[in-house]
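Engineer: Sequence:
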Amino acid sequence: MTDKEPPSYQRVVDDLRSRILAGELAPGDKLPTERELQQRWGFSTTVVKNALALLRSEGLIEGRRGSGNYVRDRTRLVRRAHSRDMRNRLGSTSPFARDSEAAGKRPNWEADSRKIPAPPQVAARLGIPPGDPVMHTRYRYLADDAPIQLADSYEPLAVTGGTRVEHPERGPVVGVVARMDFIGVTIDRFTEEVTTRPALPEEVDALALDRRGGRWVIAVERTYYAGRTAVETADIVFPGDRYRLVYEVPVDPWTPPAGEPEAD
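Residue numbers (this note's numbering): 1 to 264.
I should point out that these hints are in silico values taken from the structure, not numbers from a laboratory. Small disclaimer: the values here were computed from a predicted structure and weren't measured. In this text, a Cβ means the ideal position worked out from N, Cα and C, and glycines have one as well. Among the hints, a few may not be true.
[As the list claims (entries may be wrong)] Straight-line distance between alpha carbons at most 20 Å, and here's what the computed DMTMM-like set of lysine to aspartate or glutamate pairs gives:
#1 Lys49 to Asp14
#2 Lys115 to Asp235
#3 Lys30 to Asp15
#4 Lys105 to Asp145
[Claimed, not checked] What follows is a set of in silico ranges between Cβ atoms, one per label pair, in the way DEER data are often shown:
#5 Arg228 to Asp15: 41 to 47 Å
#6 Gly68 to Leu245: 28 to 34 Å
#7 Gly23 to Gly162: 52 to 58 Å
#8 Gly68 to His167: 55 to 61 Å
#9 Thr255 to Leu200: 17 to 23 Å
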């Protein structure tokens, strides 16, 4: 009994994928045109289109309107949750800026802040009554001018209202931890809930995701606390193929139960 031959489109995918991963086709290189691939393999237009769609869904190539398909730069930004808001040693620079610069990318971001009544879901996360005033800031982050992250941040104006950091992007320092330190509010922990899901239509547009494939995102629900008080909560969205999230979690030292001798 012999193994079945792989589907025609898979043969095209395997060939192009292996050439990309081996570096034979480097980031920025243009792939052969659909007609050239048809002529090379002797397959139909449908087979070639399916192969290219799969490579796009894997994040290996990107289509450029009117130009063709190109090998994608697969450099991912690394977000190290454990150290992203360390005090003093890292100062008040943006954690996103540090992530970008560590990957050799130029950071930039767009921000729009507005005072709004807290929606019920946001109020529940902040532990405040629905309708209480919060500062809602919508961010779009870019690395080398390419969109790479979205965030919706909410801060209770009971904490920041009337201070120099009320507007997150207009004050003397940046970054949630540094800004709260500036007004004497000491953040001592944060929680994050991470999920993956299909991108929403507005996220596809804002992140310039390929409409023909690869439209999934990593969604992070984050909340900062000063003692028992939630001082900021945010919904953060990363393209699934452009970011790596790294968590380092300390483990408390082991203490033997009372009456049990320690090992030699």
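Engineer: Next step is simple, just say for each hint if it's right about the structure.
Structural biologist: Verification of the hints:
Distance restraint check for Lys49 and Asp14: the Cα-Cα separation of roughly 14 Å lies within the 20 Å cut-off, and the hinted pair is therefore satisfied. The suggested pairing of Lys115 with Asp235 holds, with an alpha-carbon distance near 17 Å, which does not exceed 20 Å. About 15 Å separates the Cα atoms of Lys30 and Asp15, which keeps this hinted pair within 20 Å; it holds. Using a Cα cut-off of 20 Å, the hinted pair Lys105 and Asp145 holds, with the two alpha carbons roughly 9 Å apart.
The hint said 41 to 47 Å for the Cβ distance between Arg228 and Asp15, and at roughly 58 Å that hint is violated. Range check, Gly68 to Leu245: Cβ separation about 32 Å, and the 28 to 34 Å hint holds. For Gly23 and Gly162, the Cβ-Cβ distance of about 56 Å falls inside the hinted range of 52 to 58 Å, so the restraint holds. Checked against the given bound of 55 to 61 Å, the beta carbons of Gly68 and His167, roughly 44 Å apart, lie outside it.
Checking the proposed 17 to 23 Å range against Thr255 and Leu200 shows it is violated: the Cβ atoms sit about 47 Å from each other.
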